[in-house]
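One line per chain: the protein sequences are A and B, in this order. Using my numbering, you'd call the opening residue of the first sequence number 139 and step up by one each time. Using my numbering, you'd call the opening residue of the second sequence number 1233 and step up by one each time.
I should point out that these hints are in silico values taken from the structure, not numbers from a laboratory. Fair warning: this is a prediction, and the values are worked out from it, not measured in the lab. Where hints are given, some of them may not hold.
Unchecked claim - Straight-line alpha carbon distances no greater than 25 Å define the calculated SDA-like cross-link-like pairs of lysine to any residue that follow: (1) B:Lys-1293 <-> A:Glu-207; (2) B:Lys-1293 <-> B:Pro-1239; (3) B:Lys-1301 <-> B:Ser-1264; (4) B:Lys-1261 <-> B:Leu-1317; (5) B:Lys-1293 <-> A:Leu-205; (6) B:Lys-1293 <-> A:Leu-215; (7) B:Lys-1261 <-> A:Gly-245; (8) B:Lys-1301 <-> B:Leu-1252; (9) B:Lys-1293 <-> B:Ala-1361; (10) B:Lys-1261 <-> A:Arg-203; (11) B:Lys-1261 <-> A:Arg-210; (12) B:Lys-1261 <-> B:Leu-1243.
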Amino acid sequence: MTRCDRHQENITALADGALGILATLRLHLHLASCRVCAAVADARRSAVAVQRNVLSAPVEVDCERMLAEARRAIAALGEPTPFPFLRAADRRGATPWNWAVLAGVGGAAATAGLFAWLVSPSTVLVPLGLGAPPAVVASKPELFRDYEIIRELDALEHFDSVNRVRLEDSRPAATKQRRRT
Amino acid sequence: MEPLSDPDVQLMLALQQGDLSAFDQLFRKHISGVVRFATRFVRSQARAEELAQDVFLRLFKTRATYTPKARFKTWLFRMVHNACLSELRSGDHRRRTDLAGGGADPAAAIEAALPPVASAESAWLDSEAIEHLRLAVASLPEQQRAALLLARSEGLSYEEVATTLGCSVSAVKSLIHRATVTLGVRLSDARGES
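Model the full structure from these sequences, guided by the hints.
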């Protein structure tokens, strides 16, 4: 390969404006000292200009007709979906991530339904102040308000008798018989 | 150039978010270039238009997986180039080309398939020279033709051509240089003959 051969690709790249700064400087140094390459560079510059003109000439295209066809083809795909959260599914071909979200939402809805069925709404709503109490509670609210205290007092009042009964029941049968005799 | 600073990338991202008007804008902006490249590549404008439709439909279908790694045009022309290569390698295309040319004169078939040049800028050129040039481009090897058309017809930089064709910048430099030299030789031959 001669010294000039090495520069041929760079001469074309220079005509395309695609040569780096250092390579351009090196090439210009060579062109300044080599008439043959300088002539080649001139010829190539004009050849590239002609090619650009001819090849970049627009092709007649009926853009609106083609766009209408493209729209029809897109409509035939059945997209875009009116459900935004499903858009991610067609994004990755129904990825597991989206099915997991759907399964989670479905599971939560089922749990909420079961809970509502098992628990009376008033049990939840009345303490939260979101529902009206039953008629009995409404007539004597203090009883229900103090229900816990009343139950504790009841338990204390009957404490001795209750425990005595339990103690007697738990004694061995022999002891009970000795006492009788 | 940062991909996100490309307005077409922004349009593509808008399309990804469900803005269908972004698709229309991208289509109107690029359809002419896509058809031009495909026409010069597959040597038939009718088939090039079909390929362009396919490419834009694929663009729409794959919008969700689009990640801006390069200029939009680079990404688009990569799809166009792949579609053109598939078309050229399909037996269907060969059959159609044979039918168009009757199998007798391939050069005449190519000439018949190429669209007329509609540029006022090139009016100063001798029309015969233009036809010779277009024929010479059509007969270049696929990779050289693709590199040359992307750089000279679509105005992509060598780096962008390399990204589009999936090769190195030095390979692109070599491809374009060889294509340029080949075109020069063929045009000289044509002038000598006439």
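Hints, verified against the model:
1. B:Lys-1293 <-> A:Glu-207: Answer holds: B:Lys-1293 to A:Glu-207 is near 15 Å, not above 25 Å.
2. B:Lys-1293 <-> B:Pro-1239: Holds, at roughly 20 Å.
3. B:Lys-1301 <-> B:Ser-1264: 24 Å, holds
4. B:Lys-1261 <-> B:Leu-1317: Measuring from Cα to Cα gives roughly 23 Å; hence the hint holds.
5. B:Lys-1293 <-> A:Leu-205: The given pair, whose Cα atoms are some 16 Å apart, holds under the 25 Å limit.
6. B:Lys-1293 <-> A:Leu-215: 9 Å, holds
7. B:Lys-1261 <-> A:Gly-245: 47 Å, violated
8. B:Lys-1301 <-> B:Leu-1252: Answer holds: B:Lys-1301 to B:Leu-1252 is near 22 Å, not above 25 Å.
9. B:Lys-1293 <-> B:Ala-1361: 42 Å, violated
10. B:Lys-1261 <-> A:Arg-203: 14 Å, holds
11. B:Lys-1261 <-> A:Arg-210: At roughly 19 Å apart (the allowed maximum being 25 Å), A:Arg-210 and B:Lys-1261 satisfy the hint.
12. B:Lys-1261 <-> B:Leu-1243: 11 Å, holds
Of the numbered hints stated above, those contradicted by the structure are hints 7, 9, listed in ascending order.
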